[in-house]
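Asks: For reference, each letter of the sequence shown is one residue, going 2 to 167 in this note's numbering.
It should be emphasised that the hints constitute simulated quantities derived from the structure, not laboratory data. Predicted, not measured: the structure shown is a model, and the values here were computed from it. Hints are supplied without guarantee of correctness; some may be wrong.
In the PhoX-like style, the derived pairs of lysine-lysine whose C-alpha atoms are separated by at most 25 Å in a straight line are [claimed, not checked]:
no.	residue 1	residue 2
1	Lys56	Lys84
2	Lys96	Lys56
3	Lys84	Lys63
4	Lys96	Lys84
5	Lys96	Lys77
6	Lys77	Lys56
7	Lys55	Lys84
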Amino acid sequence: MASVLKSPLSVDRIVSDLSVFVDSSDLNSLRELWSYLEGKFFARLAPSHSNVVKKYEFGLYKFYLVDALRANRKEKISEFFEKMSSELNPYPEWKDWFLLTHLKNAEELPPFSTYTNKSYREAFFVSIRNFLNVIYHRTWAVSEVCPKNQYAVEIMDDFFSIAQPK
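Let's have the full structure, built from the sequences with the hints guiding it.
Replies: Here it is in structure tokens:
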């Protein structure tokens with residue numbers, strides 16, 4: 002996965018990359034990064050947090066769609082629904098979103114208008130940054146960047162830390 006940022010590995014970099022992938026309508030990179038986060042971080046969370054994780058994932062997808070609509074990238078919206086419809090169909094909150102390209106001035110209609118609001122976008126990305134910071138810094142310690150995956154981290158738990166020679 003090509004990263005646009007050259008900063009050291011950090012939650013800020015991950016959140017920045019998520020934002021860049023949304024803004025550039027890069028669905029493959031967005032899904033690849035999210036899949037990585039699910040495997041390394043979210044899979045280890047208590048089941049009670051799965052709804053929060055899903056809300057962040059869906060929020061990113063909704064920003065993706067609204068940004069693609071505003072940039073007149075209808076082919077990206079079509080691609081999104083071709084790739085994601087089977088995954089999103091079970092969720093009632095996506096019912097209106099499947100109509101996105103068929104509505105006039107969709108960005109002015111609820112629920113789409115929320116995702117055009119700059120303040121909401123900023124609050125969303127601050128929230129996801131805070132969420133990742135808590136997970137990232139409490140559960141894992143950052144390791145050196147692996148050439149194959151710039152987001153790679155080494156898993157460390159309390160027992161591993163205690164067992165290390167002083």
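Asks: If a hint holds in the structure, say so; if it does not, say that too.
Replies: A quick look at each hint next to the structure:
no.: 1; hint: Lys56 x Lys84; in the structure: 19 Å, holds
no.: 2; hint: Lys96 x Lys56; in the structure: 15 Å, holds
no.: 3; hint: Lys84 x Lys63; in the structure: 14 Å, holds
no.: 4; hint: Lys96 x Lys84; in the structure: 16 Å, holds
no.: 5; hint: Lys96 x Lys77; in the structure: 19 Å, holds
no.: 6; hint: Lys77 x Lys56; in the structure: 21 Å, holds
no.: 7; hint: Lys55 x Lys84; in the structure: 17 Å, holds
In summary, the structure agrees with every hint in the numbered list given earlier.
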